[in-house]
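Novice: Residues per chain are reported as follows:
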Amino acid sequence: MRKRTKTTGLVIVFLLALVFGCRKDFLEVKSNKKLVVPTTAKDLQALLDNTAVMNQQGDPSLGEQGAGDFVLADARWETISAASERNAYIWARDIFGSEPTSYDWNRPYQMIFYANTVIEGAQRLKDGADAAKLRGQALFYRAWAFHNLLQVFGNPYMLGASNDAAGIPLRLEADINLPSVRSTVAQGYAQVISDLTEASGLLPDLPLVKTRGSKAAAYALLARVYLQMGKYEQALDFAEKALTLQAVLLDYNSISPTAANPFKVLNDEVIYHSELVYASAFGSTRLNVVPELYNSYGADDLRKVLYFFNNAGTMAFKGSYTTLPFFFSGLAVDEMLLIKAECLTRMTKDTQALEVLNTLLVKRYKTGKFVPLVPSVNQSVLDLVLSERRKELVFRGIRWADLRRLNQDPNLQRELIRVIKGQTYRLPPGDPRYIMPLPNDVLRQSGMPNNNR
Amino acid sequence: MMEGLRYRAVRFLILCFLLGLTVASFGQIKGRVVDGADGRSLSSAVIKVKGSSFVVMSDSSGRFVVPSESKVLLVSLTGYAPMEQVVAGAELGVLVRLVASIKLLDQVVVNTGYQQLVRERVTGSFVKVDSALLNRSASADLLGRLEGTVPGLVFDRRGVEPEFDRSTTKLRIRGESSINVATEPLVVVDNFPYEGDLTNINPSDVESVTVLKDAAAASIWGAKAGNGVIVITTKKGKYNGPLEISFGSNLIYSPKPDLYYDRGFMPSVDFIEAERAFFAKGFYSALENDLGKSVLSPVVELLFDGKNGRLTSAQVDAAISGLSDNDIRKQANQLLYRGSMLSQSSLSISGGSARSSSILNLGYNNSLASVRGNQSNRLTLNTQHRYRPLEKLELTVGLFLVQARELENGVAFSDLGVGAYPYAQLEDTDGNPLALVRDFRRSYVLQAPALSLLDWQYRPVQERDLLDNTNTTRELRTSFGLKYGPFRGFNVQLDYQFQGQWTDRENLYAKDSYYVRNLVNRYTQADGSMAFPNGAVLDANSSYKSGHSLRGQLNYQQSFGIHSVNLLLGAEGREVVAETNGLKLYGYDPEVLTFADRLDFVTRYPTRPRLTAQLPTNSGAVGSLTDRFLSSYVNGSYSLLERYTLSGSARLDGSNLFGVKANQKSVPLWSAGLAWNMDKEQFLKFPWLDRLKLRASYGFNGNIDNRISAFVTASYANDPLTGQRRASVLNPGNPQLRWEKVQITNLGLDFGFFGRFGGSLEYYVKRGKDLLGNRTIDPTTGLGAAAITNLVNYASTRTNGLDFSLDYRSKGAIRWTASLLLSYAKDIVTEYEEKANVPVITLVTGTVVPPATGRSLNSIYSLPWYGLDPATGDPLVMVGGVLGKDYTGYFQQLKPEQLIYHGRGNPLLTGFVRNGISYGNFSLSATLSFKTGYYFKRDGLNYSTLFSSGAGNVEFASRWKVPGDEQFTSVPAIPASINANRETVYGQSSLMVERGDHIRLQDVNLSYQLKLPSRTKMGLRVMQLYLLGNNLGLLYRANKLGLDPDMPLAIYPLAPTFTIGIKTNLN
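Chains as they are written, first to last, in the numbering used here: chain A, 1 to 453; chain B, 1 to 1067.
Chain B with its partners taken away, still in its complex shape (with noise of 0.2 Å):
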């Protein structure tokens, strides 16, 4: 005992030589500050000695000595009341246990994935989404929870098609500031870069979310920060923590989508005006003996009968006109589609001893997708354990499981191809699945069973029973860590993490099948032979992505006095390896597993209806891709009388971009930042200020792209006229390949008044530096043509923005709780090639807009629109300054300057609105989402689209008739023949571009919180009801016509969702 109380005497004696500062040593009074409410232990808390000028802060593990001379001591720590602790003549030891303050400003601490930091110290800009947050939304997926609660994080759903995948929704922070890099945050989990599917991660495993926005909070992540990052913590037990379970459950409906949004479906009587006009013009007279047998609509068909004289003029209008009374979509969504549903359940037990702690999470998400046909479930598990064998050392294990399964079996409107026409049926008056046109007419395909081929007839509501496609995810995630610290407030952490994803995704078209049937008959021989084996077809695709990462860390904390210092060095090293392979089998028979493995791939067969070809090629696919990292950092904060701190990273990542010299490899990222807490000076000691606190940073993040290389590099495949392995030529090489640097200056300012208003403004720039763009090169060395890319380190952009939070809570019986999130970012690019060899259409017309200095990255473009003209209904162009119909002369000459800028595609201030109010039990709240200073491209009416693919518009009502409408419409009239030069003038034209400005009410929460008395035994203690609207719907929105402006071009918009849940608390 003596001998102990002597080593740790001198222990800290050698300590305070060391670092070269000297503090009374004899007679002294040791304490711990800990949580009154768990007994954690409280770091940095200010102890000051009553009636002297004393003051230390307690260490990482709360611990403090003060001179024994000390009588009463006062310990404040933010977030918890500061209180007076007599401590005379107590030489064993004192224990101070605070407790939390209820507070609008709580002690945050934010976890960067390296180290857990105290929001008083940070210098940098970061944001933290706790679960009380996160678990007010129901999302199903833990991302979709995080719109609307941290300024600067931005939704950009502009590609989403509701209909196809919900996971193209792009997140920025703070907007894009790569042009040809990958523009999303990274998202680190528990300490590591998550390499697996997000929707895997339960919501409800998560504790807290944090957002890095600037240098100073990113840059640790080094090369792959560019983009800001986003760390995710899940739920751990705690030490000395009651046994606890707590169980939760969420029913989540949403309606049947809308299916009569879409402007680009026309009333069958509108389409069929179209055809008949279409028709009468000879439009169809080339198809009419196409050899190619081109599919015709019904009622083409029809008046084709009525022109040969099959049928009489009577009947076809007969027959036309009982066709004009129906509506596809009617059936559509009768048939295909039905309210969808999912019910997510979640149990948590969790409990701590001293010596040990554990968590063990299970989750249950079950759900059937609006399509039917659709469904999936995911279940996943989740433990975590920690020990303390020794004071000093803590080991810790984690798990993670996951298996998700989903079946994709059915079909959509949107799958049923061009045979969709207005007024087609799914199925007759007595519920007999009908057949719609799909490849081939409907006259060619009847003939099938006469000429002895397969049924060819394509019947949508059938196929669902005869498809099975099924996704299967598995997911492993397991961690070990190790943490020793042999003296105060050192510590040296090991940890280590293995990442296992697996995912089988298996296509079986059963014999049965359209698209069995369809092939077998398309390469049936003259003699009747089946060159194409007539059986099910089985496509199964499968990857695994495996990543293994070791971290080892230094960690240096000690607070001396009125100085604290905060040091951290480590290294890690990180490989993730990506594996797919595929196989697809024909003529296979799910029974008994055989297929038919003697086909001849290289013989040109003849094809009905004409033409020759091989058969499809059934190779499957191989492939490997290895990542690796190898990453040194530093970082470290000083403060002075926690008032003052200053803080600095550097990073230095090497990865095995391919073909780099290795000496290329490493880029250097830096930060530096600094802090004051304003409201800890005594002038500003104001009984109503709260907290004002002013932070500056600046610094690199990085940038990379590993699809380009210093030497020239090739890719392998198979040569298909020769069956030689051939190699392309990716890359020419580029000796000069540095990675993107993303350069970050913030300014931030946070502040809380009378206890009831807090918030944060910051103001930053992003300037991306060494961007990669394309730099047009002479063809005559062989890059001209397709394929090769010369990307070069030139191009740079700039993004200024302001981030800015306000929160307001009122006290009393009844609360009123408000928020206000507001994000602007304005980018544009600063320098890049003005791409002369792209056609100057393409500024208007193209998916992806050609970067232009001095605009946006995201810039919306559009053809002057010059009228129509009066005597024809077409369009007008202008062409050498007078107005004409020259369509094509028009597009040769022109230049980028006549077109019309309209301004961003994407929004430049987005807010959200929260307002909550409380009262005994219950509390509602609601958000309200803002996006403005954006626009979008509708779509119009477009002739050639609408004959070759019957995707026409409303707006076909209102077209162009007779002279003299072209004083009340814009609608081209009927041309005489397709041109789509015609078309493009007016469907590109600035007509079609709306402001993209609206508000959407983003949800409505009423929940009822029952808190339980404690009891000495086990039993409830909260139980929580909830009532949940999400995505209700736009309140305002610029456009005239009812259009979803953050999705344009979705055939409807993303349906609205109400939950009901439950949680439960069991202590």
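Only chain A is shown next, with the shape it has when bound in the complex (with noise of 0.2 Å):
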């Protein structure tokens, strides 16, 4: 009986032992070896890698659909289903209508929940060296977001302001519980600037992907930023800054004007690779570029071949910096000479300006055919940059902020305007409708206020 008894409680023993004992371990092993929390270095650089989220197709792009650099025929206009396309297209005073929630929203906040989630992990890794670079990196990609929803949902940088008008919310951690709270304008470009500065210092001189930020990417976000602030020396500084580290551009002529696609993604010219949200109005069937813009173009100007082609009567868009459909919004060597040349004239060294200005136009016109630009009476240098900036950047998702800017000084504002189905629409320089509202799903959630158009 003694003997039973001890075989039973064994038996007892071993179970209780099976269920208790190995229990930490057994449960502890992963379950999905695709799955991971991200805590190592290379998990978290991988996160930034997701170029799905971070590159591509997420830059807003309300502003660019109502620029004003592409018409659009009634019968175009009419069958795009999102109706905030047609009404970004229009200036409607409500953008979302009944849609409940906007990529242009969206898509940047996700960048900058990534971006969080690695500013994060970043501080919790052992090896300070790694750390570093993925705090660069994160802190590149954040500015990069923020500093795009500024320019569509925040209002207008005003020169020589206080800068106190809503901005956007400026969410700094990875914590959904947080609320979003709206800052100020100024605030806003005060945290992408501080972020840029410390992300420059912590950034390799040029990246190993051109999906990743690096300092070439840092200065030539700052110098995008300076010019938007009217801050010109700052601006010209990281332009300068920015070409010391990358200044190949493209020679047009070894480019084939008959390609569908002519330009690649990633090529030498691109500093920092982005897209922008895709709209309907963007695809050959739909676009087509203002003809004041398109004749703009000299005849022996090659971007006139590779930017544009006749699709069945009417001028669509293929000079895109990346694959068809989608239109480049990054940085990119050209910008940063145009920059430096409006910097130049703004600080009155025209001579100067204009001679950035040919070195880059000298590669988009037929060999040989290119008569370097000189100071002229007819046209100030000024104007001239702004022209080719127009010319050079169109479709980058810059017109809309530039118009905001530019529209501020009383001699280069522009009123815009559009016919739809015998209907006229303006937006007349300053305009509440320059500020994009907030999306349904953001007001409903967050509580925030919308802007007032």
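The set of hints was computed from the structure by calculation and includes no laboratory data. Check before you lean on any hint, since a few could be wrong.
[Claimed, not checked] Straight-line distance between alpha carbons at most 30 Å, and here's what the computed DSSO-like set of lysine-lysine pairs gives:
{"#": "1", "chain 1": "B", "residue 1": "Lys-293", "chain 2": "A", "residue 2": "Lys-304"}
{"#": "2", "chain 1": "A", "residue 1": "Lys-391", "chain 2": "A", "residue 2": "Lys-304"}
{"#": "3", "chain 1": "A", "residue 1": "Lys-264", "chain 2": "A", "residue 2": "Lys-369"}
{"#": "4", "chain 1": "B", "residue 1": "Lys-235", "chain 2": "B", "residue 2": "Lys-483"}
{"#": "5", "chain 1": "B", "residue 1": "Lys-826", "chain 2": "A", "residue 2": "Lys-421"}
{"#": "6", "chain 1": "A", "residue 1": "Lys-264", "chain 2": "A", "residue 2": "Lys-241"}
{"#": "7", "chain 1": "B", "residue 1": "Lys-545", "chain 2": "A", "residue 2": "Lys-33"}
{"#": "8", "chain 1": "B", "residue 1": "Lys-826", "chain 2": "B", "residue 2": "Lys-50"}
{"#": "9", "chain 1": "B", "residue 1": "Lys-1040", "chain 2": "B", "residue 2": "Lys-937"}
{"#": "10", "chain 1": "A", "residue 1": "Lys-42", "chain 2": "A", "residue 2": "Lys-231"}
{"#": "11", "chain 1": "A", "residue 1": "Lys-264", "chain 2": "A", "residue 2": "Lys-318"}
{"#": "12", "chain 1": "B", "residue 1": "Lys-826", "chain 2": "B", "residue 2": "Lys-680"}
{"#": "13", "chain 1": "B", "residue 1": "Lys-307", "chain 2": "B", "residue 2": "Lys-256"}
{"#": "14", "chain 1": "A", "residue 1": "Lys-264", "chain 2": "B", "residue 2": "Lys-931"}
{"#": "15", "chain 1": "A", "residue 1": "Lys-421", "chain 2": "B", "residue 2": "Lys-281"}
{"#": "16", "chain 1": "B", "residue 1": "Lys-895", "chain 2": "A", "residue 2": "Lys-421"}
{"#": "17", "chain 1": "B", "residue 1": "Lys-1040", "chain 2": "B", "residue 2": "Lys-170"}
Note that the structure is a prediction, hence the values are computed from the model and not measured.
With the hints as a guide, dock the two chains, each given alone in a separate frame, to form the complex.
Specialist: In structure tokens, the structure reads:
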């Protein structure tokens, strides 16, 4: 009997041991090998290398749709299924109608969530070098997204003003339970500049792949931001710093004008790769570049044939530095030259400004056909630079921000006009419709105030 | 000997002492109750001493002890004829042989997967299906044979498309109680969860199936039991059983599918009329000079030829009228399909001695599917042995092997693609294969030889021979068991099972197959070089799944006079690893096994007819999933006087739910139950009452979802743009994550009268609690973009239902048997966040309708129908109280309250009626099934899909043509321009919603059974021949269009099957 009790006892002990003894280790095994809780430097880098999130079709394009560089025929406008896209084209007061949510808002904030996740993950890393590299990249991505959101959903940056109008919510932590609060335009720009300044100290000169941030990219974005703020000395300084690191221009003579998609993605001129959120209006069956702009390209200007093609009677765009039908909106060397030129002329260094412009344009005209620009009495150098800026950077998501900036100067103001189904729509300078409303779900879930259009 | 006796007495004494009971211990008579037929020990038999108040029950090995002064014992046990046994003077022991009573209610033992329970003592909801009922049907897979045998078990075939896959049938036990997690029951085979493909189980190997429906029955399965449990028990050999050989064979035939069923198919004449009308309206003009060389139909090509003067209009008309007599279904039916034939054979050998028993089952299936070129076979071997080397020790060993092979080279009607115009032909009058348009225009494809490209035409009839698609499945399951009973009523049990399943899927596209030719041509460069290698393509995927399960369990079962106790305590660990890997080889040569291994996947090549593209990637896929579970459980019951039973069960589950903090991994799930055998009460002792039992139970089952996690999780892939490794956030992290719970209350009444009627009625309430639901979140958090879900445990559902079954069996020479099964289940969502960010239209068009509080999980909504515009025949819509045709504006202003809510998409009431009659050796039976209280949506004419893909509707013939037609028809006129919104107004209107109610003749079975008298020598004992028809058609349907409401969107319904079979038994 004792022996049997002992046996029974042993069995019970064995069973209990089975349940409690190996419990911990046994249940710690990862359920799916492809799944990770992102904690290591490798994991965090992989989050940033997710180009579908960080680089592709993620920059707000509602502005570009209303920036006046293309026109739509009535039938082509009417058949756009998304109300927000039709509304953005005619600068309607209400953009989203009954559309519940908006990619233009969600995608940049998705980048910010990834960036914040990495910033927080990097703080926990033991290896300081890895942590710094990751932090630098993440700060760059975050600044990139904040800056793009400011251009579309925030009030315009007013030159020489205090800029305490509403900007965008600056989410600086990944925790999804934190509330979203709108900060001022000034705070937004300050955040972008501080993120970029810190990032530029942590990033390598040039990136391993151009979908990542680099010193060159951080400088280039700083140049763009300071230009937006009218701080030409700083803008010039950063444009030059960026050009010191990367200055190669594509020679458009070496690019086939008959190719359907002439420019390669991640080409030599690209400093940082990014794309606009796709809109139906961008497709080659809809978009028709405004004749005024198309005609402003000279006969020997290769951009005329490399950027545009005749698609059944209308001029569609094919000059994107990425795979069509998507529009490149990243940073490239040509933009740096144009920023440099604009800053120089604004600092009354017209000759130098023209020199810079000529450096760019010689690569844009047929070999031997380019006549270097010289100062003229008919057109100020600033006009010349701004005209080339519009022509070179067409459909890169820059025009809308430029309009918000340039319309503050009475000499450069322009009113946008569109006609759809016999009705004329106008967008005068400084109009509150230069600021997009917040999407419906954001308003409902966050309780943040909307923009008054 | 003396010592042994003394020892036994001492042991008995100690036991009695320990349990605080005293029983007369001097001068005893020991006895054992066994089955008179097979010598099996019978537990729970009630032994009364005649003329005294002494009552005792036999224990698990059939043994009992009575005082020595006993003279005559009255022994009774449900399912056996009561008997009187004279024991006076039987000091050496007595063997009571009970003879099974031929009564309607035999003693039923149900298997929960952890223990065997006598039905009298169960408190939960169990339904047992024995092998006789399983074998009434001849379905090739086991689960199919359960249809119509278990109340509350419903087969949901709404997603079934017989053309593609039959396995999309979903099983539901008492409705659905989860929103975002699996809703299918757990399947257990021989006491362990089954991880393989259920079609690998040979139905003739199965002894019985038990369905566990409520908490008291299923909570022993804990966190996986939320949707009910199906326990499958395979046949075992019997101790002391004679050598028995049985052989069975079925031949199952099914006629060709009915291609003429599909209302989406328009007759050639109508189709041509539509194409001419579209052409006249200029719909095709954009395609005429399309650089992408989009497909145009033969008629449209002819019309362009006419327009451009290449043909005269008379030539065009003549050519078109030549086509209008064709009907592709005729040739498809002839060339692509055949009647399917399945043969099933099984052989079983079993036998046993006092110390061992064995069984060997062999099965072979061979199937020729209805699509020519598709065929399969399956070989199963199953052997189980039990040894009792010592009285107290039992060892079991089982081995189960399967090899199944499937060839899938057929080209089905739906594989023909866009080119299957009603007037298209698959072969010419001389039997030469003809080409169908497929990816590009015919005129473009025909240029191929002139451009030194490969032949670019698609000839479906030839393709069959150019494919070699093979699926091979091998399965090995092996189990070891040890049961040791050191003393009476108590035993220790250890069970281990290994299950491995290897699946290889190999698709070989021959060099000449269209698949290869198309890729080669598309990537052939201007200089004629082939960027895509001109050779066969091999696409091979294999997966391996292995499971180890180990269980230790203590069982205690004892009766003390009027008390009986049943206790079980155990723990188990389980690991399931699933690994997959795949490879794809281009330029493969199956003769010498070489392939192209220096391909450039980075360069963008110019492709034909235009654009550029990288080569389609051939990278393989690798995956590895590990699921681990660790559980401990306790289960017990106490019965008083065989009348009152109280049961309880509790279980703690842990799993390696990825990322969850360890202390939140476990969830305790429990249940409690009560049963009252009323027929044993004196005040209910009526001669006509055979059985009356009341049951009540309450408890919780669980459900899990291992896709979500408490931490931020991400998954890896390769970034196509940069080639870097990239990670995507799958889950933002939810520290409050819990397992879903299903709370079940069950009330049941089992009854039997007059020895003829029997049945049960059950009422239940199932509440899904802490269900995972999507919660909308401020997109500024970064979770607004797709691919990130925010699932939180907050939703809840409630299902109320009734399960009813009634059986009748008459007596006499002509015997009539009848049974009725009813399942009623009504589910509603009691808490779910209204999805404000889901467009209203998805309530109507969504394949998964978003849940709404207060409505069924499967709701059917539609758009209101306002009729046709009398002037144009366009559908009308109401915007701001005004009828008009502003379709865009209509959908923009659409609010959920404007939609029509019809009701449920799954039946409220499902029932089966089976009637049988038998006379002599013949018996005939038939089953009718019906479903009611639900709706389904049919397809209507959609000009947008008709234009883009040729998918039309026979309604076209009755469309609006001239003003006034709106009085007779609701089918819109041919539109002035294609507008998808306009088509949605009609296609999702209330006109498309039909009542699902129907009655189906499920089966008819005629059998002849020959029983031969026992002889001393081995020989034929039983032979059964039978004819069986299954799925014989609808006798009534509420819809007037001839649609099968079980699968409204299928292009043809499941064909009927006819079986001829034989079963023989030798011993």
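Novice: Confirm or reject each hint.
Specialist: Going down the list of hints, with the structure as the test:
no.	hint	verdict
1	B:Lys-293 x A:Lys-304	28 Å, holds
2	A:Lys-391 x A:Lys-304	9 Å, holds
3	A:Lys-264 x A:Lys-369	25 Å, holds
4	B:Lys-235 x B:Lys-483	19 Å, holds
5	B:Lys-826 x A:Lys-421	53 Å, violated
6	A:Lys-264 x A:Lys-241	25 Å, holds
7	B:Lys-545 x A:Lys-33	15 Å, holds
8	B:Lys-826 x B:Lys-50	53 Å, violated
9	B:Lys-1040 x B:Lys-937	13 Å, holds
10	A:Lys-42 x A:Lys-231	38 Å, violated
11	A:Lys-264 x A:Lys-318	11 Å, holds
12	B:Lys-826 x B:Lys-680	35 Å, violated
13	B:Lys-307 x B:Lys-256	42 Å, violated
14	A:Lys-264 x B:Lys-931	61 Å, violated
15	A:Lys-421 x B:Lys-281	23 Å, holds
16	B:Lys-895 x A:Lys-421	28 Å, holds
17	B:Lys-1040 x B:Lys-170	27 Å, holds
Violation of the numbered hints given earlier is confined to hints 5, 8, 10, 12, 13 and 14; the remaining hints are satisfied by the structure.
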